[in-house]
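Novice: Residue-level listing of the chains:
Protein chains: 2
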Amino acid sequence: MLPVYKPFCKAHNEFLYLQRVVFQWYPPNMNKDLTTFAVILAGGSGTRFWPLSRETYPKQLLKIFGDQTLIQATLSRIAPLIPADQIYIVTNPQQEEQIRFQLQAPSPGFITEPIGRNTAAAIGLAAMTLSKKDPNGIMVVLSADHFIRDERVLLEQLRLGREIASQGYLVTIGAKPTRPETAYGYIQTGEALPDFQGAERAARSGFARSDAGGDGIESVALRPPHRVVRFFEKPDREKASLYLQSKDFYWNTGMFIWKIATILEEINRFMPALAKGLKTISEQGAETIKEVYSHLPSISIDYGILEKSDKLAVIPAEMGWEDVGSWNALDEILPKNEAGNILIGNVVNVGCNNSIIYANSRVIAAVGLDDIVVADTDDATLICSKGKAQEVKQVVEILKTKKGEEHRVHRTVIRPWGSYTVLEEGLGYKLKRIMVHPKSRLSLQSHTKRSEHWVVVAGTARVTCGESVYTIGANQSTFVPMGVKHRLENPMDEPLQIIEVQCGGYLGEDDIARYADDFGRAAPAASGITGPVGAVKKVM
Amino acid sequence: MLPVYKPFCKAHNEFLYLQRVVFQWYPPNMNKDLTTFAVILAGGSGTRFWPLSRETYPKQLLKIFGDQTLIQATLSRIAPLIPADQIYIVTNPQQEEQIRFQLQAPSPGFITEPIGRNTAAAIGLAAMTLSKKDPNGIMVVLSADHFIRDERVLLEQLRLGREIASQGYLVTIGAKPTRPETAYGYIQTGEALPDFQGAERAARSGFARSDAGGDGIESVALRPPHRVVRFFEKPDREKASLYLQSKDFYWNTGMFIWKIATILEEINRFMPALAKGLKTISEQGAETIKEVYSHLPSISIDYGILEKSDKLAVIPAEMGWEDVGSWNALDEILPKNEAGNILIGNVVNVGCNNSIIYANSRVIAAVGLDDIVVADTDDATLICSKGKAQEVKQVVEILKTKKGEEHRVHRTVIRPWGSYTVLEEGLGYKLKRIMVHPKSRLSLQSHTKRSEHWVVVAGTARVTCGESVYTIGANQSTFVPMGVKHRLENPMDEPLQIIEVQCGGYLGEDDIARYADDFGRAAPAASGITGPVGAVKKVM
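Protein chains in written order, with this note's numbering: chain A, 1 to 540; chain B, 541 to 1080.
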């Protein structure tokens, strides 16, 4: 064991503590050949946080708390443990582009499913893909939409989990329940794993440190790993209360650690249809993935594998974990005022209680509301009884049957060069505010069915229009006729903002031919999955 | 009595009935010298129907039900009884312009108060003003924000009321309660007036007709006038239930009929301070009204006069009357779906009950709401528990303390030549959609602090810019530099629509110099009250 120095400041104490825990469990020569991959499940349909989330803009892309989006926070959280080039995002084609924009540096890999087929298929595809990189590797499965108050505890759980996984266990991460939650699954723990006295010691050293440092980490934060007796799906209130009172029940966080080889073996054993599909994709490559996926069983890894396997272990801990699964989850995460309200943005509150009001720039005036969620966006507002938050997805279903776009996209669309906001659409015209980052430019493009009027309202634009290249500043305008190749560029160090008035008989975003692009979009759009094994590609 | 012909169709039956009732009460030679004026109280602060109503756009300007706004409906309702040039609107300077736009033809007169001082002052000012036109006249006082299901009954009440008023009574219109409403005032009736056997006969003929015609008018629709025992302010639920059970209680509709001379006498008797103020205004004219008004007592006519006078009479009837006083009033007026919801506009409803959801073009998704009012506009949304609808005015108070405009104006502002909508305001720019009616034009104007870019998106514009006059069509643009005289005109028979991008350091609506205007706005704006007695003027 390394000598323990007396800390000379809080940060040093932190460093010494991490050093001690890490090296106690992972002496320098242990597991050095085991590559650890992180697989972050980031699919989802963008329904439960509608209208902030959309089909093409799921909740993991939202800054629901703090300065980072949920997916950015997920990557930051594991950065101390896993390098960016061993992190892979599993997502779908609708959401991939926006996730790529958010995660440009350091850039993870992407594993793209043609359609969502629940977690068993997603994890299977990831395991198959990563086994080609390192069949002996360890795979940590995380979700892109979790909140974790004490990330240090999670890191310790993952380090311990990696150790246990290397012995052939399927390890789940358990979170100590803090309330009789009926929206979560539960894990019942059995006997402690006998082989991890080191972990026990680490747990004890955690206790000692907590007592000594008084930094708020409870002595229960670290617990030795246990076997799993059983999984319990979302219970009713009565059962949830019993689980809460017991010391043997933990929330199933949906975070897992296992050897790639172990999970592939278990898929072979318990889900032969999935195993066969993965084999086809592995052997025949990208062309088959769409066809194979359409026949895969759509079930969760819990139901398909974990409830059947005898290799399960759980690492329990208290880390302030929450699944950001619906608007109600904010109640457990964000600070409230004296009346129990969470008020964000331009809210006028007159006598509300226990309500969540998520405004934007428009005024949201709430009078005398109890247990109501309000979420406002440019083109849609949700008002929902807290008890019915799960039914928001029905709203999205209804919107899909209408001709609108409010279930699919936001008015503001983020692009690698900046963003645009659709301010208004009318018969024969569409109005956009376009913001271009400093030193960025859109593609060289043309449209067959519309012309564009541009008025610069802030910054300076370099405009390519046909053969001409010229510069215009604030309060100047230009005209791009239909069919003419053009490009908008911000050559300066300040953002460029223009108002664009499009005129034409058809104004869809797909009326665009790209001739050159800084972001690789000039080639014909790929359909389905491309890259090695059809699924892995890196951000350009 | 005129002979009664057998009706040959429903309309003829209607005509005969009206002829009979009218001539029974008003033989041709009776009251022929009494001019009947209507005074419509249309002030208000635009708070209780916020955000649909605004300080400059009160609820009487809204089409809350049907094709007409509330104030248009009020004028239509009394048109059979009182010619337009005997109708006067009492309002305030903030709201006068928009009311004028709505009531251009036939055009009523306007009596403008510098500030609101409740109904006693408003009625006193109107009585004083009209006494100069005909001191022997009759004055009908109406509100601009009432709903009346059976307008024929009201007309009959007013005809009868005019008769009674000519005998020196202060006549109030009572409405039979249909529920134990706690938001209305009540009138307790005493003995029947002995002098109006004719009215009794009319009432009986009303019965007979109802029995014969079977057209849905209840036999109680017409009742003989009574003396008033007492007024009761908004009662609690228990008292309201007792009033409902009694046959002697009626809702105080706030509609009155009296001789101008009678109400002025009573003001002299019971409100000497008001009487003195009115005398000053009458003698000294427009200059004094602002000063005088600031010292007038701000009390209602009910409290100041009616509760004290011994000249009161009430005409009770059932006409389906409602005061459109708050969002809750819609419950009594608009049709509901099976779950008790009133859903207007682009609403997605998932399991709501007894809620009022007033959407516009944006999607309003409501999930599991009970007894909630939602009202959406371009720049503000209200979500309010039905039980707290009276507290909406607090929202407006809070907004006044912020720097925004959401309590004062709408994004869309109606003008006599068309309308404009502020689509977005940013640092250094403002974006408007401008619609110009066929064959209409804005004023010849200039701005000192902004220039304007115009893009025509529909129709054809004739543009005056400096010395040039030219025509541009859809997908064409033009530029109006700062300080240059310009004019926008629609010379065609179809509406003209343009997008305007304003650029400049200051973008307020008051940066405008007008040189010529079709709507009389080129002269410097009048401050306070102008015209005869300082208060009466006609729409130009």
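Warning: the hint list may mix true and false statements.
In silico BS3-like cross-links for lysine-lysine, where the CA-CA straight-line distance does not exceed 27 Å [to be verified]: (1) B:K1025 with B:K970; (2) B:K819 with A:K336; (3) A:K336 with B:K943; (4) B:K779 with B:K928; (5) A:K393 with B:K876; (6) A:K400 with B:K876; (7) A:K430 with B:K979; (8) A:K400 with A:K336; (9) B:K926 with B:K603; (10) B:K779 with B:K603; (11) A:K393 with A:K234; (12) A:K386 with B:K926; (13) B:K940 with B:K926; (14) B:K928 with B:K774; (15) A:K336 with B:K940; (16) B:K979 with B:K942; (17) A:K388 with B:K774; (18) B:K942 with A:K336.
Using C-beta positions, here's what the derived DEER-type ranges look like [claimed, not checked]: (19) A:G505 with B:N893: 52 to 62 Å; (20) A:K439 with B:D910: 24 to 34 Å; (21) A:E151 with B:G885: 51 to 61 Å.
Simulated from the structure, these hints should not be mistaken for lab results. Even glycine gets a Cβ: it sits at the ideal position worked out from N, Cα and C.
Novice: Would you mind marking each hint as holding or not holding in the structure?
Specialist: Outcome of the hint check:
no.: 1; hint: B:K1025 with B:K970; in the structure: holds, 20 Å
no.: 2; hint: B:K819 with A:K336; in the structure: violated, 58 Å
no.: 3; hint: A:K336 with B:K943; in the structure: holds, 26 Å
no.: 4; hint: B:K779 with B:K928; in the structure: holds, 21 Å
no.: 5; hint: A:K393 with B:K876; in the structure: holds, 25 Å
no.: 6; hint: A:K400 with B:K876; in the structure: holds, 26 Å
no.: 7; hint: A:K430 with B:K979; in the structure: holds, 26 Å
no.: 8; hint: A:K400 with A:K336; in the structure: violated, 34 Å
no.: 9; hint: B:K926 with B:K603; in the structure: holds, 21 Å
no.: 10; hint: B:K779 with B:K603; in the structure: violated, 34 Å
no.: 11; hint: A:K393 with A:K234; in the structure: holds, 18 Å
no.: 12; hint: A:K386 with B:K926; in the structure: holds, 18 Å
no.: 13; hint: B:K940 with B:K926; in the structure: holds, 23 Å
no.: 14; hint: B:K928 with B:K774; in the structure: holds, 16 Å
no.: 15; hint: A:K336 with B:K940; in the structure: holds, 26 Å
no.: 16; hint: B:K979 with B:K942; in the structure: violated, 40 Å
no.: 17; hint: A:K388 with B:K774; in the structure: violated, 36 Å
no.: 18; hint: B:K942 with A:K336; in the structure: holds, 23 Å
no.: 19; hint: A:G505 with B:N893: 52 to 62 Å; in the structure: violated, 44 Å
no.: 20; hint: A:K439 with B:D910: 24 to 34 Å; in the structure: violated, 54 Å
no.: 21; hint: A:E151 with B:G885: 51 to 61 Å; in the structure: violated, 45 Å
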